[in-house]
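Chemist: Whole structure, please, built from the sequences with the hints as guidance.
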Amino acid sequence: MAEDNQNNQDHSNSSFKDQVLRSLRGEEIGNDDSASSEHNAQNLSQHNEAEYNRTYRSQANDQEEPIKLDEEMHSVGSRSADHHSKRVEPTETGGQPESSNSNQNNENDNGNKRTRKREDRIVSRIVLIVASVLILVIAIFGFTFYKYVNAGLQPLDKKNTKLVQVHIPEDSSNKKIANILEDSKVIKSGLVFNYYAKFKNLTDFQAGYYQMAPDMTLDEIGALLREGGTAEPTQLADGKVTIPEGFDIDKIGDAIEKNTDFKKTQFIELMKDQAFFDKMKEKYPELLASAAEASGVRYRLEGYLFPATYDYYKDAKLEDFVDQMIAKSNSVIEPYIPMIHAKGMTIQQVLSLASLVEKEGVREEDRKKIAQVFFNRIAANMPLQSDISILYALGEHKEVVTYKDLEVDSPYNLYKNTGYGPGPFNSPSEQAINAVLNPIANDFLYFVADISTGNVYFAETYEQHQEFVDKYVNKTEKSE
1 MAEDNQNNQD HSNSSFKDQV LRSLRGEEIG NDDSASSEHN AQNLSQHNEA
51 EYNRTYRSQA NDQEEPIKLD EEMHSVGSRS ADHHSKRVEP TETGGQPESS
101 NSNQNNENDN GNKRTRKRED RIVSRIVLIV ASVLILVIAI FGFTFYKYVN
151 AGLQPLDKKN TKLVQVHIPE DSSNKKIANI LEDSKVIKSG LVFNYYAKFK
201 NLTDFQAGYY QMAPDMTLDE IGALLREGGT AEPTQLADGK VTIPEGFDID
251 KIGDAIEKNT DFKKTQFIEL MKDQAFFDKM KEKYPELLAS AAEASGVRYR
301 LEGYLFPATY DYYKDAKLED FVDQMIAKSN SVIEPYIPMI HAKGMTIQQV
351 LSLASLVEKE GVREEDRKKI AQVFFNRIAA NMPLQSDISI LYALGEHKEV
401 VTYKDLEVDS PYNLYKNTGY GPGPFNSPSE QAINAVLNPI ANDFLYFVAD
451 ISTGNVYFAE TYEQHQEFVD KYVNKTEKSE
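Residue numbers (full-length UniProt numbering): 1 to 480.
These aren't lab readings, by the way, just hints derived from the structure by calculation.
From a predicted model like this one, the values you see are computed outputs, not experimental measurements.
Incorrect hints may appear among the rest.
Here are the simulated BS3-like pairs of lysine-lysine, each with C-alpha atoms no more than 25 Å apart in a straight line [to be verified]: (1) K185 / K240; (2) K188 / K176; (3) K113 / K162; (4) K328 / K263; (5) K263 / K159; (6) K147 / K113; (7) K263 / K162; (8) K240 / K188; (9) K162 / K258; (10) K185 / K200; (11) K264 / K251; (12) K200 / K359; (13) K263 / K314; (14) K264 / K200; (15) K359 / K475; (16) K264 / K328; (17) K471 / K404; (18) K159 / K279; (19) K188 / K198; (20) K162 / K185; (21) K240 / K251; (22) K159 / K240; (23) K176 / K147; (24) K328 / K283.
Modeler: As structure tokens, this is what we get:
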């Protein structure tokens, strides 16, 4: 009997549990359930409802919002039941419920996105660091290279005038010559000199023995190599004097005083010395024949002191130093003498025009065109009208020539006087001399140069010439 009671009690408890679980799942309880089970389930439901109401009202009070229990209970209870059902019931595959999988997938996606963002930030930082390092390296390299090239373009030692003898063998390339100069301690960088020679198109360096000093510029060294050295080693000079192209007697005197023990006043006196000129004429008769016949000249040797670099010896006389300059001029002009005679010109006339061409143009083609313009004007009996002649007549070196300057009373004023003028206005280069002897044919009578660009503009009429002057010199456009 006791066992039966115990079994009944166990059955009752089991049925009660089943009913509770079914009630929580929202299932209907069948009629075969016992009254006791219904009562217990009803009590449990009422207990849960009361518990829910207390919780919900507490939340509502916290939010300070009025809640309608009857309306909210059904809605919230329904959502709660659905949520509970979804949580409890397994999926068809026997795994976790759908919402749980969805939440887990969302969490995994969010985690992957955060990981990718973190990786992207790391990659971006790495790229930024690498790019910054590369830019820094390039900047440092560029600055270092710039300093290296700039230093290589400067004299090795501007204060060191001590000469050294440099031998350039036959058939030496520019690269080999550059290395010899660097090894001889006369330039800073053979690499820079080699590229400098290519940039300047210096391809006609000659073999021989040269005397060079660390204070010489690359231009001076390049000019010296183009002039040619001696066949045998010579006594080292005490200094060098470089006469740039286009220097006149006055500026040559400045260069001599600066680089030797001779005074400019001594040099000018020598240039005016007729006895010295006669002595040089005897030594170089063909070169100085037309200069001897010229009238109205300031210096008979103007234009005959060839622009080059010369050795200076302390025990030498000023006459000897000037002699080597005239000798250089003679060696340059001598090959052109047959052509000069064929054109019916004199050396004095050629050097006069060449000295104007030297200053009026820079590019070889422009110089040849300018030379022809001068020939065209001479043929038309027009004055050459070169500002170079006015400056020489004034004995001044200035940038702007005024209308008042054009009235200067001098045979060198080629605005008033026709023809070639008394003689050269400076010492022209061989390129300028060649331009006069080999001009480019044209019908132009005018030309004007844009100082800012170096471009030369040619015109056949004065009206066209004036337009060029307004546009490229006065920088004014013609109004439409």
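Chemist: With reference to the structure, classify each hint as holding or not holding.
Modeler: Cross-check of the supplied hints:
Pair hint K185 plus K240 holds up; C-alpha atoms about 17 Å apart against a cutoff of 25 Å. A distance of roughly 15 Å separates the Cα atoms of K188 and K176; the hinted pair therefore holds under the 25 Å criterion. For the proposed pair K113 and K162, the alpha carbon gap of about 76 Å is over 25 Å, so the pair is violated. Proximity of K328 to K263 is assessed by CA-CA distance (about 22 Å); at most 25 Å being required, the pair is judged to hold.
A C-alpha spacing of about 21 Å is found between K263 and K159, which places the hinted pair at or below 25 Å, so the restraint holds. Between K147 and K113 the alpha-carbon distance is near 50 Å, which puts this suggested pair outside the 25 Å criterion. A distance of roughly 21 Å separates the Cα atoms of K263 and K162; the hinted pair therefore holds under the 25 Å criterion. With a CA separation close to 19 Å, the supplied pair K240 and K188 stays within the 25 Å bound.
Taking the CA atoms of K162 and K258, the gap is near 16 Å; set against the 25 Å cutoff, the hint holds. The straight-line distance between the Cα atoms of K185 and K200 is roughly 22 Å, inside the 25 Å bound, and the hint therefore holds. Proximity of K264 to K251 is assessed by CA-CA distance (about 9 Å); at most 25 Å being required, the pair is judged to hold. Note on K200 and K359: the hinted pairing holds, with a Cα-Cα distance of about 20 Å set against a maximum of 25 Å.
Distance check on the hinted pair: K263 and K314 sit about 13 Å apart at the alpha-carbon level, within 25 Å; holds. Restraint check: the Cα-Cα separation between K264 and K200 comes to about 33 Å, which exceeds 25 Å; the hinted pair is violated. Between the alpha carbons of K359 and K475 the distance comes to roughly 22 Å, so the proposed pair stays at or under 25 Å and holds. A C-alpha spacing of about 21 Å is found between K264 and K328, which places the hinted pair at or below 25 Å, so the restraint holds.
Between K471 and K404, the direct Cα distance comes to roughly 23 Å. Compliance with the 25 Å bound is thereby established for this hinted pair. The hinted pair formed by K159 and K279 fails the criterion: a straight-line CA distance of about 37 Å is larger than 25 Å. As the CA atoms of K188 and K198 are separated by approximately 17 Å, the hinted pair is consistent with the 25 Å bound. Taken as a hint, the K162 and K185 pair is honoured in the structure, with Cα atoms around 11 Å apart against an allowance of 25 Å.
The suggested pairing of K240 with K251 holds, with an alpha-carbon distance near 16 Å, which does not exceed 25 Å. The hinted pair formed by K159 and K240 meets the criterion: a straight-line CA distance of about 13 Å does not exceed 25 Å. For the suggested pair K176 and K147, the alpha carbons sit about 24 Å apart, so the restraint of at most 25 Å is met. Distance restraint check for K328 and K283: the Cα-Cα separation of roughly 13 Å lies within the 25 Å cut-off, and the hinted pair is therefore satisfied.
In this structure, the hints that do not hold are numbers 3, 6, 14, 18, in rising order.
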